[in-house]
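Asker: Read off the chains here:
Protein chains: 2
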Amino acid sequence: MESDIKKRSLDLHEKNTGKITVISKVRVKNSDDLSLAYSPGVAEPCLKIKDNPNDIYKYTSKGNLIAIVTDGSAVLGLGNIGPHASLPVMEGKAILFKEFADVDAFPICLDTQDPEEIINIVKKISPTFGGINLEDISAPNCVIIERRLKEELDIPVFHDDQHGTAIVTSAALINSCRLSGRKLEDLEIVLSGTGAAGSSIARLLKDMGVKKIYGYNIDGVVLKDKYDSYSFLIKELIDQSIIDFPNNLDNDSLEALMKHKDVFIGVSVKALVTKEMVSSMNKDPFIFAMANPDPEIMPDEAIEAKAFVVGTGRSDFPNQINNVLAFPGLFRGALDSKSTKITESMKLSAAKAIAYIIKDEELRRDYIIPSPFDKRVVVAVSKAVKDEVYRLKIYRK
Amino acid sequence: MESDIKKRSLDLHEKNTGKITVISKVRVKNSDDLSLAYSPGVAEPCLKIKDNPNDIYKYTSKGNLIAIVTDGSAVLGLGNIGPHASLPVMEGKAILFKEFADVDAFPICLDTQDPEEIINIVKKISPTFGGINLEDISAPNCVIIERRLKEELDIPVFHDDQHGTAIVTSAALINSCRLSGRKLEDLEIVLSGTGAAGSSIARLLKDMGVKKIYGYNIDGVVLKDKYDSYSFLIKELIDQSIIDFPNNLDNDSLEALMKHKDVFIGVSVKALVTKEMVSSMNKDPFIFAMANPDPEIMPDEAIEAKAFVVGTGRSDFPNQINNVLAFPGLFRGALDSKSTKITESMKLSAAKAIAYIIKDEELRRDYIIPSPFDKRVVVAVSKAVKDEVYRLKIYRK
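These protein sequences, in sequence, are chains A and B.
Residue 3 in numbering that gives the first Met the number 0 sits at position 4 of the first sequence, with consecutive numbering throughout.
Residue 132 in numbering that gives the first Met the number 0 sits at position 133 of the second sequence, with consecutive numbering throughout.
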C-alpha cells in the first residue's frame, strides 16, 4: 500500500472520528413531536408488536437494519487483531451497505472468539436486526457459526468472506465462458485454498454446473489417501463430491496439479503461481489470483503466459473480484422480499445477475466483471435475489 | 392517551418504518474514496488501534456512540412486553439522544431476562460503544446489572429509569426550596416507591443534604420490624441510613406517614394521595406525583389542598419531571470529558445545573423545572458533568 493512502486514510478517520452516525428519520422539535415519537404515543406501536410480532417490521427500523458481526479473528489481511482493532473495517462495511444499497448496517464487534458464545450472543441481540452479516471470522468457526445461526434464526444470515467471493468469482467464470465460447461443464478447475472461502466457491461452482474441481492447500493437492488428516470442512467437500480427486498426477504439488487444467482460482496467501505453471495449463486458461494484497501471480505475467483472462482482488488491475458487487444487492433483495434466509440458489441468481450486467458485445478480456460503481449492479442483483425468494416462497407472511 | 395521538403515532412509525437510520460520515463515491474508507487504507487505523487501544476513540465512532440496552421487562407503563415490542421505545430514546445532545445511540434489545447473561452480553458487545444506557429493565435486575457493569467496564454505564428521575426530581426539590425559602436539610420527605427509581432518588437526596426520608411501598410504611421481609434493595437503604424510620406513627398507612411532612415524592403506581392527605402535611408542601400515566394525585386537587408546588411526569401539566432534561446532557458531558464512569457527584452536578437554568426572579410555583426544549439545559448539564469529571480526574488518559 502506498504511504500516501495510509496517511490519507488515517486523516480521514481522525477528522471524522469514525465513519458512521445514527440519526433520526423523524422530527423531534416540540412536545407534539415528542408525544408521537416517544412517550406516550410510542406505546401504540409497542402494543401492536406485542399482539402481532410481525408488526415489528411495520413500525420499527428492523426490516432495513443488519448487524455486521465480527470477533476480529481474521480481519482483512491483518489476521487476528481482535474486536477493537477491527472496528474501522466494520464501520467501513456498514457505510458500503448504506451507500451501495441503502441498507442500514451497524457494527457489532464481539469480545469473544468462542463459537458457541458468538452464536448465543447473536441470537440474543437479534430482535433489533433484520439480517446478520458475519464478517472476518476465522475458519472453521465462521462456518460453524453461520450454519447454526441459519438454522436457529428466522432472518437472513450471510458470511460475506465465504460467499461474497464465491458469488463474484462465479460471475467472473460465467463471463469468461461467454467470452471464450466455452462451457462450465467442460472446465477442469484448480482451487487453491480449501478453507471457508474456497469451500463456498467450490459449492457454488458445482451448483452452477461445473463438473471437475481439484483442491490444493497447505498440505498439497487434496487426495483420497490424506482423508483422515483433513478438517471437517475438507472431509465434507470430499464426502459430498464437491472436490474431485485428480488422476495420474506426477506428485502432489500445485505445479503438477495445474498441468492441463482450464482454470486457476486462488484464495490462499500461501500459493505461488509461475508463468511456467500457467503455460502448462490447457489453451486460453482463466486465472483468478485473489490472494491479497499480493496475487498468486501478477496479471502481466499471467497474460504473458497466455492466460485468456486474469482477475485479482485488487482495484488497480482490471477484473477486480470485489465482494461489494454482491453483498449490498444480496441483502437489499433479501430484505425487500422479506426473505427469512439466504439460499445457495439466491447466491447463484446474484452471480448470474452480476455477470449479465455486461452485454455480449461489451465483454472483453479485461472487462468480464462490472465496476463496483456501476449503478446497475445493485439493481440487478437485488431484483434477481427477490425473484428467487418469491419463486421459493421463503418470505415472511 | 387520546386516540388521536395513538393513531398519529402509529402513522408516523409506519410511514417512516421506524425512527433510526445509520448513515456514513464520509464520502464513498469512487474508488479513491473506497480505498481510504475501506480496503486497503482502512488497515492503517486498525493497526494503530492494535498498537494503542485508546486510538479506537481517535479513529472510530465509538467515542460518541452508546448502546441503549433493554430486556423489555419493564417498558414504559406497559410492563414486561419483551425485547421485540420494546424496540419502538428504544428507537425513540435513540433519537432523543441524537436530537438533544448529538449523541449517537443504538438500540440493543436482548432476548433474555437473565441478569448474568445480560451482563455478559453487554460486556462482550462493548467494543463498539463508548457508553451503556440501560433502559426499562425491571428491578431488582436493573440494579444488579448496572452495578456489575459499572465495576467491570471502563466506559460510562447508566440506568436511566433509576437515575434520570432522581436527577430531575432533585432539581425540582432544589428549586422548590429556592422559591419557598426553605432548606433541604429541614425537609421531612415521604417517598412512595422504594424500588429502583425510589432508591436512586433517596440516595441522591441524601447526598444533596436532605436529612429525613421515610419510605412507603406495597407493604406499607418502611419500618424496622419488617426488616427481615425486605428485598436487598430496601435492606441496603436501611443499613446505609438512607431511609429513616418514622416516630410515633398511628399506623403504617401512607395517610399516617404523610401527616406533618414537607414533601411527597411518588414513583409507584400503587399509591393514591387524597386532598385530605395533602392538607395534613406541614404548611406549603411540595408534591411530586410521578406515577404514569395517572399521578398519585391530580395537580388541581393538590393545589386546592394548598400544595406549594406540584410536579408530575406528564407534559400536559406544569413542572414535568422529564428524564430528557438529564440523560442527553449527562452522556454528552461524560463522552466529551472522556469519563470512564458516571458517579453520584456527576448526577448531583447535573441536578444543580438543571435547577439553576431558571433564575431566581423567573422561578414560579408552576415553573420550577425548565422545558425539555430549553436549549440551555443540555449545554449546562454537559458542562457541569464535564467539570465534575475533570475535578475527580476520572477521565481516560
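Please keep in mind that the hints were generated in silico from the structure rather than gathered at the bench.
Source: prediction; values computed, not measured.
Check before you lean on any hint, since a few could be wrong.
A pair holds if it fits inside one copy or across any two, identical chains being indistinguishable in the list.
[Unchecked claim] Calculated lysine-lysine pairs in the DSS-like style (CA-CA distance at most 30 Å, straight line):
#	residue 1	residue 2
1	Lys-182	Lys-6
2	Lys-24	Lys-57
3	Lys-149	Lys-47
4	Lys-337	Lys-5
5	Lys-24	Lys-225
6	Lys-14	Lys-122
7	Lys-49	Lys-258
8	Lys-5	Lys-260
9	Lys-340	Lys-6
10	Lys-6	Lys-337
11	Lys-28	Lys-122
12	Lys-282	Lys-97
13	Lys-269	Lys-340
14	Lys-49	Lys-122
15	Lys-358	Lys-396
16	Lys-14	Lys-392
17	Lys-258	Lys-149
18	Lys-97	Lys-47
Asker: Cα distance capped at 30 Å. Does Lys-14 pair with Lys-392 within a copy, between copies, both, or neither?
Answerer: For Lys-14 and Lys-392, the Cα distance is within 30 Å only across copies (26 Å; inside one copy 47 Å).
Asker: First find the shortest C-alpha distance between Lys-337 and Lys-5 inside one copy, then the shortest across copies, and answer within, between, both or neither for a cut-off of 30 Å.
Answerer: between (40 Å within a copy, 27 Å between copies)
Asker: As a check of your reading, is Lys-358 near Lys-396 (CA-CA no more than 30 Å) within one copy, between copies, both or neither?
Answerer: Close neither inside one copy (37 Å) nor across copies (58 Å); limit 30 Å.
Asker: At most 30 Å between alpha carbons: which applies to Lys-282 and Lys-97, within, between, both or neither?
Answerer: Neither, since 43 Å and 61 Å both go past 30 Å.
Asker: Up to 30 Å between alpha-carbons, please classify Lys-97 paired with Lys-47: within, between, both or neither.
Answerer: both (29 Å within a copy, 26 Å between copies)
Asker: Can you tell me if Lys-49 and Lys-122 fall within 30 Å by alpha carbon in one copy, between copies, both or neither?
Answerer: Both, since 19 Å and 28 Å are each at most 30 Å.
Asker: If the cutoff is 30 Å on CA atoms, where do Lys-6 and Lys-337 land: within, between, both or neither? Let me know, please.
Answerer: Classified as between: cross-chain Cα gap 26 Å, same-chain 42 Å, threshold 30 Å.
Asker: Given identical chains, is Lys-5 near Lys-260, meaning Cα to Cα at most 30 Å, within a copy, between copies, both, or neither?
Answerer: neither (39 Å within a copy, 68 Å between copies)
Asker: Is it within, between, both, or neither for Lys-14 and Lys-122, if the alpha carbons may be no more than 30 Å apart?
Answerer: between (35 Å within a copy, 28 Å between copies)
Asker: 30 Å Cα cut-off: does Lys-24 pair with Lys-57 within a copy, between copies, both or neither?
Answerer: Result: close both inside a copy and across copies, 15 Å intra and 27 Å inter.
Asker: Classify it for me, Lys-258 with Lys-149: is the Cα-Cα distance of at most 30 Å met within a copy, between copies, both or neither?
Answerer: neither (39 Å within a copy, 63 Å between copies)
Asker: Could you figure out if Lys-28 and Lys-122 sit no more than 30 Å apart (CA to CA) within one copy, between two copies, both or neither?
Answerer: neither (36 Å within a copy, 34 Å between copies)
Taken one by one, the earlier hints fail for this structure at numbers 1, 5, 7, 8, 9, 11, 12, 13, 15, 17, listed in ascending order.
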